Amino acid sequence: MLDDFFIRALIAGLGIAIVTGPLGCFVIWRRLSYFGDTLAHSALLGVTLAYTLEFNIAISVFIISSLIALILIDLQKRTNLPGDALLGLLAHSSLAVGLVVIGFLTFIRFDIMGLLFGDILAVTTDDIFIIWIGGPLILIILKLIWKPLFASTVNYELAEAEGLNPDRAKAIFTILMAGIIAISIKMVGLLLITGMLIIPAAMARNISSSPQMMVIYSVIGGLLSVILGLLTSLEFNTASGPSIIAAALFLFILSLLKIKQSIKLKN
Amino acid sequence: MSSNQNILVKLKQAGLRINNKWLVKDVSLQIEKGKIVTLIGPNGSGKSTTAKIALGIYKKINGEAKKYTNKVGYVPQKISIDWTLPLRVSDFMVLTENLIEEAINDALSLTGVLHLKDKNLGDLSGGEFQRVLLARAISKKPELLVLDEPVQGVDFTGEIALYELIKKISDELNCGILLISHDLHTVMSATDHVVCLNGHVCCSGSPIEVAKNNEYKALFGEQASQILSRYEHRHDHIHTNEGKIKKN
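Order-wise, the sequence lines are chains A and B.
Read the first sequence against our numbering and you will find it ends at 303, with the numbers running on by one and no gaps.
Read the second sequence against our numbering and you will find it ends at 702, with the numbers running on by one and no gaps.
Careful, some of the hints might be misleading.
To be verified - Computed cross-link-like contacts, BS3-like style, restricted to lysine-lysine with a CA-CA straight-line distance of at most 30 Å:
{"hint": "1", "chain 1": "A", "residue 1": "K183", "chain 2": "B", "residue 2": "K532"}
{"hint": "2", "chain 1": "B", "residue 1": "K571", "chain 2": "A", "residue 2": "K113"}
{"hint": "3", "chain 1": "B", "residue 1": "K525", "chain 2": "A", "residue 2": "K183"}
{"hint": "4", "chain 1": "A", "residue 1": "K206", "chain 2": "B", "residue 2": "K671"}
{"hint": "5", "chain 1": "B", "residue 1": "K666", "chain 2": "A", "residue 2": "K113"}
{"hint": "6", "chain 1": "A", "residue 1": "K206", "chain 2": "B", "residue 2": "K666"}
{"hint": "7", "chain 1": "B", "residue 1": "K666", "chain 2": "B", "residue 2": "K525"}
{"hint": "8", "chain 1": "B", "residue 1": "K514", "chain 2": "B", "residue 2": "K487"}
{"hint": "9", "chain 1": "A", "residue 1": "K113", "chain 2": "A", "residue 2": "K206"}
{"hint": "10", "chain 1": "B", "residue 1": "K487", "chain 2": "A", "residue 2": "K113"}
{"hint": "11", "chain 1": "A", "residue 1": "K294", "chain 2": "B", "residue 2": "K571"}
{"hint": "12", "chain 1": "B", "residue 1": "K520", "chain 2": "A", "residue 2": "K113"}
{"hint": "13", "chain 1": "A", "residue 1": "K183", "chain 2": "B", "residue 2": "K666"}
{"hint": "14", "chain 1": "A", "residue 1": "K206", "chain 2": "B", "residue 2": "K532"}
{"hint": "15", "chain 1": "B", "residue 1": "K464", "chain 2": "B", "residue 2": "K479"}
{"hint": "16", "chain 1": "A", "residue 1": "K113", "chain 2": "B", "residue 2": "K621"}
{"hint": "17", "chain 1": "B", "residue 1": "K621", "chain 2": "B", "residue 2": "K595"}
{"hint": "18", "chain 1": "B", "residue 1": "K622", "chain 2": "A", "residue 2": "K206"}
{"hint": "19", "chain 1": "B", "residue 1": "K571", "chain 2": "A", "residue 2": "K179"}
{"hint": "20", "chain 1": "B", "residue 1": "K621", "chain 2": "A", "residue 2": "K206"}
It is worth saying that the hints were derived from the structure and are not from the lab.
As the structure is a prediction and not an experimental result, all values here were calculated from the model.
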């Protein structure tokens, strides 16, 4: 069954959606969309490194993205530049350097479109392994740091004062972000990973009244987006990443109708 | 002062300097189990900063600050909550510690907001939110309570009731309380130890000692001293000082 490329993509995609659901909620709550983008853009460097050294893509992307996150934290301490400027600086320069390096690697044929927008055909059994081992690992760690991370998202000083160590939780969360980008890059593509994180979570925000509910709806939204998106991709021969994100957008628009209804009810 | 085991927080000439400006300097105080320590002082005198130093929120401080407990309840002066979070009162109650339903309900009833339990935090009024903040802080039965103007925005009758509640909590839980308040009536009547701040410690001691202090009078005016005299007179707590205070 795993021979079928579509089944492979589906299993991989569902594994990714289960993880992007809860992480995406935190990306929205903590306003980290651009941070996610920066890590994702830097992933291109990781991919080129993987090709050059004939190394596993997910692992090398994970290393490079974590490194970029560390550099960002360091720059934040050392310069007076605002956070968004630093994010832009790192995102675009690492994307540019990645593309330049690709230019030099003439001996390897690159499917740039596949890298940027995801390639349903590229998912191998190894990728499925990495997703289904890495994904649950990310979720378990997220569960362990949930309390301090969530409390400091609501209010940093409360969490710190009441002894929850929010700084450590934040650092671990950053690593988890690098992790999800590493395992989902082949499938969704590096330009669209942030979309996979925030669109289902944004949809969930529209229809939930508690944090737990938002996480659950976000996962469900992600799973539906993957199924819908991949079916579309198969049917119309479109790139897998954009198809999944477009499906997520469709669900988001549906969730707006629910808001409209509840506003009507209030009036 | 009592034995060392009772000490929850100890500041020794603690201070905080940011961008070459002292926010507060040379503060020494200690908070003990079952005692209420109050910080008073004008705006910008470093009260909230001192509370945060005591809580260990600031990492790079001058001097020494030691916290001997991790069971802490904190009501900050300002709290900005991001409304991108769908957060009900019941979710907020278990923010830093998992509590059983009964503990949540008890705390919310004590501060008079049990009926708001399922409401969205963003829909509360200022006074209601303040009551929820206080409920959350006491619900975990802390050893140390730090209350930074805990009754701001609460209606007049509620204010009195909440201060009574704070006093009761301090007795029942035998927890130490660091209170910041502008209400000198309360400070002077329900407090064990007063620290008067103005960038540094102006004076400190029992309410009566502070009220007699000239620096306190200079900061708050003659009328403020009379608050205490009226209070003392009414309740007749300390007879020896009464005559002197009356002269004010």
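Okay, the hints, checked on the actual structure:
The suggested pairing of K183(A) with K532(B) holds, with an alpha-carbon distance near 22 Å, which does not exceed 30 Å. The straight-line distance between the Cα atoms of K571(B) and K113(A) is roughly 40 Å, outside the 30 Å bound, and the hint therefore fails. With a CA separation close to 16 Å, the supplied pair K525(B) and K183(A) stays within the 30 Å bound. Taken as a hint, the K206(A) and K671(B) pair is broken in the structure, with Cα atoms around 47 Å apart against an allowance of 30 Å.
A C-alpha spacing of about 47 Å is found between K666(B) and K113(A), which places the hinted pair above 30 Å, so the restraint is violated. The hinted pair formed by K206(A) and K666(B) fails the criterion: a straight-line CA distance of about 49 Å is larger than 30 Å. A C-alpha spacing of about 35 Å is found between K666(B) and K525(B), which places the hinted pair above 30 Å, so the restraint is violated. Note on K514(B) and K487(B): the hinted pairing holds, with a Cα-Cα distance of about 27 Å set against a maximum of 30 Å.
Taking the CA atoms of K113(A) and K206(A), the gap is near 15 Å; set against the 30 Å cutoff, the hint holds. Simply put, K487(B) and K113(A) have alpha-carbon atoms about 39 Å apart, too far for the 30 Å limit, and the pair is violated. As the CA atoms of K294(A) and K571(B) are separated by approximately 24 Å, the hinted pair is consistent with the 30 Å bound. For the suggested pair K520(B) and K113(A), the alpha carbons sit about 26 Å apart, so the restraint of at most 30 Å is met.
In summary, the hint linking K183(A) to K666(B) is not supported, as the alpha carbons are separated by about 47 Å, beyond the 30 Å threshold. Taking the CA atoms of K206(A) and K532(B), the gap is near 22 Å; set against the 30 Å cutoff, the hint holds. A hinted pair counts as satisfied when its Cα atoms are at most 30 Å apart, and K464(B) with K479(B) qualifies at roughly 15 Å. Restraint check for K113(A) and K621(B): the C-alpha separation of about 43 Å exceeds 30 Å, so the hint is violated.
Under the criterion of a C-alpha separation no larger than 30 Å, the hint pairing K621(B) with K595(B) is consistent with the structure, at around 14 Å. Note on K622(B) and K206(A): the hinted pairing is violated, with a Cα-Cα distance of about 37 Å set against a maximum of 30 Å. For the hint linking K571(B) to K179(A), the alpha-carbon distance of about 25 Å falls within 30 Å, and the restraint holds. Between K621(B) and K206(A) the alpha-carbon distance is near 37 Å, which puts this suggested pair outside the 30 Å criterion.
The structure fails to meet hints 2, 4, 5, 6, 7, 10, 13, 16, 18, 20 from the earlier list, while all remaining hints are met.
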